[in-house]
Structures are given as structure tokens and as C-alpha cells.
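Generate coordinates for the entire structure from the input sequences, incorporating the hints supplied.
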Amino acid sequence: MITIIFTYFLTTILSCAALSTDPGVMSSPTGSLILSGRDIVLQDPTQPVPSQTEVSLYEVLRNITLAVEFAENVNKSANDRITSSIEYIQNVNKSTNDRITSSIEYTENVNKTTSDRISSLVKYVDNVNKTTNNQIMSSIEYIENVNRTTNDRITSFISDQMNTNKMSQENDTMLQLQIEGMQDNYDSLLKNYSKLMDAVETLTTRLNNMDQNGQIFHYDFETLFVGGSRVLLGEGRWVHFTDTGNSGLSGPVSIPPWRATGQSGVYNSNKNEISKFGGTPGTHTLFINNGVVYTILPFYVTKTQNMTLTMNVGGGNGNSDGGYQIIVSSFPDSDPTKQFEIAKFIAGENGAPNTKNDGTYSSVQFRFDTTKLPDEQVGNHVRLTLGRSKNSQAHVHFVHLNVGSINV
2 MITIIFTYFL TTILSCAALS TDPGVMSSPT GSLILSGRDI VLQDPTQPVP
52 SQTEVSLYEV LRNITLAVEF AENVNKSAND RITSSIEYIQ NVNKSTNDRI
102 TSSIEYTENV NKTTSDRISS LVKYVDNVNK TTNNQIMSSI EYIENVNRTT
152 NDRITSFISD QMNTNKMSQE NDTMLQLQIE GMQDNYDSLL KNYSKLMDAV
202 ETLTTRLNNM DQNGQIFHYD FETLFVGGSR VLLGEGRWVH FTDTGNSGLS
252 GPVSIPPWRA TGQSGVYNSN KNEISKFGGT PGTHTLFINN GVVYTILPFY
302 VTKTQNMTLT MNVGGGNGNS DGGYQIIVSS FPDSDPTKQF EIAKFIAGEN
352 GAPNTKNDGT YSSVQFRFDT TKLPDEQVGN HVRLTLGRSK NSQAHVHFVH
402 LNVGSINV
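Residue numbers (the numbering used here): 2 to 409.
Calculated directly from the structure, the hints in this document are not laboratory data. There is no bait here: all hints are sound.
Simulated crosslink set (DSS-like; lysine-lysine; CA at most 25 angstroms straight-line):
id, residue 1, residue 2
1, K345, K391
2, K304, K345
3, K272, K357
4, K357, K391
5, K113, K373
6, K124, K304
7, K345, K373
Below, the structure written as C-alpha cells:
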């Protein structure tokens, strides 16, 4: 297009000049000029200079020539920039494709790692369930053998007494001593039977409180044994871990799977509302006057655990407000006295919800994980400890712990 314009102007100028019959020369009154490439040169330097009109035409021609050269340079620069942009876009596309490929490979590795961990967890749960079932069956068989042995002894004793009705007074006295001895043995067997029932109940509770993944543990205080029999307390009645309180019952007290130091127990309040997990009404609430109440949880510490602890606390006996102190810790098989803290929560401290002295309970929930625990805690047993944080009686309605897994 630029060449066409140039040609047009050149033709017009030459036609308008019409000063010579030679297409390569323009005439002037005093001499001739020759168009030579981009320059205008006098053919005869001795002749007078061209007219002003001729000079102007020559200058226009020269400017048009320079404009054409400039346009060609602009086109060349534009082409170079377009080529550079295309190369840049190709490099960006290649870099993007490399990153997408790397992300896909990373995702595939994460999926494989997750599948391996799920398989490992399922195997662990299967082993726990198998071990628990074996322990329950062993305990039941032992109880049956104890009962069979006791019945055999009683039957044998009665048979012997029927055969010795004609014994002398001295023999009767000896027999009486034997009877008392047998009664002592029988009482001892009943106590052992009660302990075995506690063990079976503890194992059964742990089994029932685990879901299929072995990750949910739920404990309340509805399970209560007194003298080997499961009981529910009447309203306004309580028992301690160490005695039967005002319940009117007799025999040793067991509240599986909990143990206590100090003075603690369960109470059926006739003044306050007692709750279970999910908001349903309950019968028993744990009370803590001093010391602590604790249990050993049936799993071990890893560095990929994410735990959520949910509890209802306070409001179990009038307006008494003893707060709460919750400690999750671990200990090795070799030394249960070594307690390593995992998490600790105290009513009203470090953002933990506070309890109230108006007779109502509070729902609290805490989340924590094990990813930053030192290596010495990995593989340890887990212990949950409950205590009070204020100078009054503390109350716990239930404990619900969800143990999840973190992909790392």
C-alpha cells in the first residue's frame, strides 16, 4: 500500500513538473537536475540552481522516501515483537503443562498414602475387636467354671452332712467350723465373681462404645454396680467409689470403666437436670469433691490423630459450681507413673468455657491433635483425667471423644 502511494505521488510530481522530455531529468532555466536514488544531484554544477518550485517538489519526494523507509522499519519491529510474544506464550504453555503434570502425580501419591493408612486402621480395629472378644469369652468361661466348682462343693457338702447326722457333739462343733469356713470361701467367691463381672462389663462397654472404625468413645455414668448387681439410684441418692453413701445398698461399688482418687461418686439429683449425649435425660451424674476420676482409653498415640472432646459439665447438685479440669495424657507400658500431657482444659482459662452457679449444666467442646507431640509419646496408652478447678463440688454428665485421622 505504501509503495502504491509512493508511486502515485512520484508520478504526479513528474507529470506536474513537465520540464524535460527525458524521464530521468528535470529542466530548469539555468541547468538540469538528475534524480539519482534518494538524492537529488545537479547534472551541471556550473549552472544556476533550480527554481524554488523544483526544490520543493524534490524535498517532498525525499520526505516520501524517508516515510517509506520508516514504515518498513516499523513493520519489521512489529513482526519482531509478534514473534517474541509467540515464543513467550509457548514457554508459558509448556511451564503450565509441566505444573499440571506435577500436580496430578502429587494427587495420585496422596491418594495412595490415604488408602494405605485406611487399610492399616481397619486391620488395627479388627485386631482390637478380636482381642476384646477373646477376653470376654475367657472371662465368661472362667465365671462358668467358678460357678460349677461352687455348686459342686455345696452339693458335696450337703451330701456329707446328710451322712454325718449321727456324729457326736464334738463332731458337730467341728462341722460347724467347717460350715463357717465354707461360708467364708463362698463369700470370697462372690467377691471374685463381682470383680469378674466388672471386668466383663468394662470390656463390653469399650466394645459397644467403639464404632466400626474404632474412632468414637462414649462414656456416661449410667452403668453402676453395687454388690455385683447393676443398679439405678433413686432420686436424691448417691454412692461413692469407696462406699454406698446414702443409697441403702450394700456391697462394693464399681462404676466401669472409671477409677478414682479422693472422694467422688455418682448422684441422682432430685434438684437438677441430668443429660446424656444428644440431649436426652440421664439418671446419674459424676460428682468430684476432691482428687480425680480417670480412665484408660483403648487406643494408642500416633502422630496423625485429630481429637474432638465433647462434655456436659456443672449443674449437678443445686447451685454447686466446682468448674472442671480435663487432662488428656499418655504413658508407656514400661512405667504407668510417667504421664505425658497431650492437652489440658480448665474452666474459664485460655478460652475454655466457664461453668455457672445457677444449677444448669454447660456444654463444652475441645479440638486438638497429636501432630506436634514428641516421638517419645508415639505408641503410648492414652489416659483421660477429670477433676475440679474451683473450691466446690464439680459435676460431669458424660464424656464423648471422637478420634479422627489426619493426612500428612
